[in-house]
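Q: Sequence:
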Amino acid sequence: MKTIQVLTSGIFALGLVLPLAADEKVKRTPSPKGAKVYIVTPKDGRTFKKGKVKVVFGLSGMGICPAGITAAGGQPLPNTGHHHLLVNAAKMPALDKPLPADQPNTVKHFGGGQTEVVLDLKPGKHTLQLVFADHAHVPHNPPVVSKPITITVK
2 MKTIQVLTSG
12 IFALGLVLPL
22 AADEKVKRTP
32 SPKGAKVYIV
42 TPKDGRTFKK
52 GKVKVVFGLS
62 GMGICPAGIT
72 AAGGQPLPNT
82 GHHHLLVNAA
92 KMPALDKPLP
102 ADQPNTVKHF
112 GGGQTEVVLD
122 LKPGKHTLQL
132 VFADHAHVPH
142 NPPVVSKPIT
152 ITVK
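So the sequence shown is numbered by the working numbering: it starts at 2 and just counts up by one.
Rather than coming from a laboratory, the hints here were simulated on the basis of the structure. Predicted model only: the values in this text are computed from it and were never measured. Incorrect hints may have been included.
[Stated by the list, open to error] Restricting the straight-line Cα-Cα distance to at most 27 angstroms, the calculated cross-link-like pairs of lysine-lysine (DSSO-like) are:
1. 50 x 98
2. 92 x 34
3. 155 x 109
4. 34 x 155
5. 34 x 123
6. 155 x 126
7. 148 x 51
Produce the entire structure from the sequences given, and follow the hints as far as they go.
A: So this is what it looks like as structure tokens:
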């Protein structure tokens with residue numbers, strides 16, 4: 002019983018601290034010149050008859066590394082990161098702090114190093130855009146961001 006209380010208290014405290022940390026500006030990991038992230042599929046303007054849409058992420062000039070993985074001393078592994086997919090985001094999130102974790106329908110995190118996802122989208126127009134970020138979910142400097150694409154589900 003005491004273990005559950007301690008665990009619950011720890012989770013509650015973490016819930017209070019993480020939003021504060023997200024408001025802090027942090028040191029950004031440099032991205033190499035020419036690094037690009039892009040959506041391989043679907044193509045911009047495509048229409049789907051059903052809501053299941055496979056999105057494949059593309060990357061050049063950098064490598065994939067799961068979130069939380071660092072070099073000795075806690076330094077980020079150079080030229081690496083993981084994908085985040087913005088789905089119908091009204092605006093680009095701040096690029097000088099960790100991408101928000103409290104907006105799972107808008108900012109999808111792929112901290113395991115995933116390079117594709119199947120989205121279940123409702124009928125209508127949808128905008129998709131990738132943001133590549135470092136081990137701590139902070140976009141690189143300069144940011145590595147794809148062009149947004151728009152798709153339609155009938």
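Q: Can you list which hints this structure breaks, lowest number first?
A: Result: hints 1, 4, 5 break, sorted rising.
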